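Just so we're aligned: the sequence shown equals residues 1 to 132 in the working numbering.
If you are wondering where the hints come from, they were derived from the structure by calculation, not from laboratory data. Treat the numbers as computed from the prediction; the structure is a model and nothing was measured. One or more hints might be untrue.
Unchecked claim - No farther apart than 25 Å at their CA atoms in a straight line, the calculated lysine to any residue pairs in the SDA-like style are these: (1) K106 to E87; (2) K14 to Y110; (3) K14 to H91.
As the list claims (entries may be wrong) - Taking CB as the label site, the calculated pair distances span: (4) E53 to E18: 29 to 39 Å; (5) L109 to F17: 18 to 28 Å; (6) E98 to Q60: 20 to 30 Å; (7) E16 to D67: 16 to 26 Å; (8) Y92 to T65: 17 to 27 Å; (9) R27 to I104: 35 to 45 Å; (10) Q39 to K7: 16 to 26 Å; (11) K80 to L2: 45 to 55 Å; (12) Y50 to H91: 45 to 55 Å; (13) H59 to E112: 34 to 44 Å; (14) H59 to D81: 46 to 56 Å.
Ideal placement from N, C-alpha and C gives every residue a C-beta, glycine not left out.
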Amino acid sequence: MLKDCIKHIIELIKSEFEDFVKVDIYRNEFDIQSEWNPQFPCCLIRVDSYYPEEYNESHQGVSYTGDLSLFVGIKTSSGKDGLELSEDVFHYFNNLIEENYGYIIKELLYVENKYGVEVYGIRISIHFKKLS
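Construct the entire structure; sequences and hints are all you get.
See the structure below:
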C-alpha cells in the first residue's frame, strides 16, 4: 500500500513538473560517501514514518498516515532557481485535493549547498485510505 502511494506521488510530480530529470525514492544521493549519482534537477522522496490511523472491526488498518520528505536538488550552475522550483512543489501539494489522498504541508527548508548542488526539503504528511 505504501509502495502504491509513493508511486502515485512520483507520477504526480512527473506529470506536473517537466523540469525534473529524475523523480524517485531518496537513497542518500546527497551524502558525500554515496555511490548514487543523481541527475539534476531532481525530486527525491524519503519515507520518514508510516502508520495506521483507523482500523476496521477486524483490527486491520483502513486509513494511514505517513510523513514524507521531498528533496529538491538543482545544480547552481544551471541558471535555474532551486528555491523557486521548491516553492512550486510546495504550493502544488498545498493546493492538491484528491479523493483518496490528503496532504498537509509542514515546512519548506533549506538543506544544503555543497559541490555546486543546492538542496531544499519539503516535509509533507499524507493521509490515505486503503482501496478495496
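Now the hints, each set against the structure:
Straight-line distance between C-alpha atoms of K106 and E87 comes to about 13 Å, which keeps the hinted pair within the 25 Å bound. Under the criterion of a C-alpha separation no larger than 25 Å, the hint pairing K14 with Y110 is consistent with the structure, at around 22 Å. Annotation: proposed proximity of K14 to H91 holds, straight-line Cα distance about 15 Å (limit 25 Å). A hinted range of 29 to 39 Å for the beta carbons of E53 and E18 is consistent with their spacing of about 34 Å.
Look at L109 against F17: about 19 Å separates their beta carbons, and that is inside 18 to 28 Å. Taking 20 to 30 Å as the suggested C-beta distance range, the pair E98 and Q60 conforms, at roughly 23 Å. Checking the proposed 16 to 26 Å range against E16 and D67 shows it holds: the Cβ atoms sit about 21 Å from each other. Look at Y92 against T65: about 20 Å separates their beta carbons, and that is inside 17 to 27 Å.
Look at R27 against I104: about 25 Å separates their beta carbons, and that is not inside 35 to 45 Å. Between Q39 and K7 the beta carbons are some 19 Å apart, a value that agrees with the proposed interval 16 to 26 Å. A hinted range of 45 to 55 Å for the beta carbons of K80 and L2 is inconsistent with their spacing of about 31 Å. A hinted range of 45 to 55 Å for the beta carbons of Y50 and H91 is inconsistent with their spacing of about 25 Å.
Our hint of 34 to 44 Å for H59 and E112 holds, since their Cβ atoms are close to 43 Å apart. Checked against the hint of 46 to 56 Å, the C-beta distance between H59 and D81 comes to roughly 49 Å, which is consistent with it.
In summary, the structure is inconsistent with hints 9, 11 and 12 from the numbered list given earlier, while agreeing with the others.
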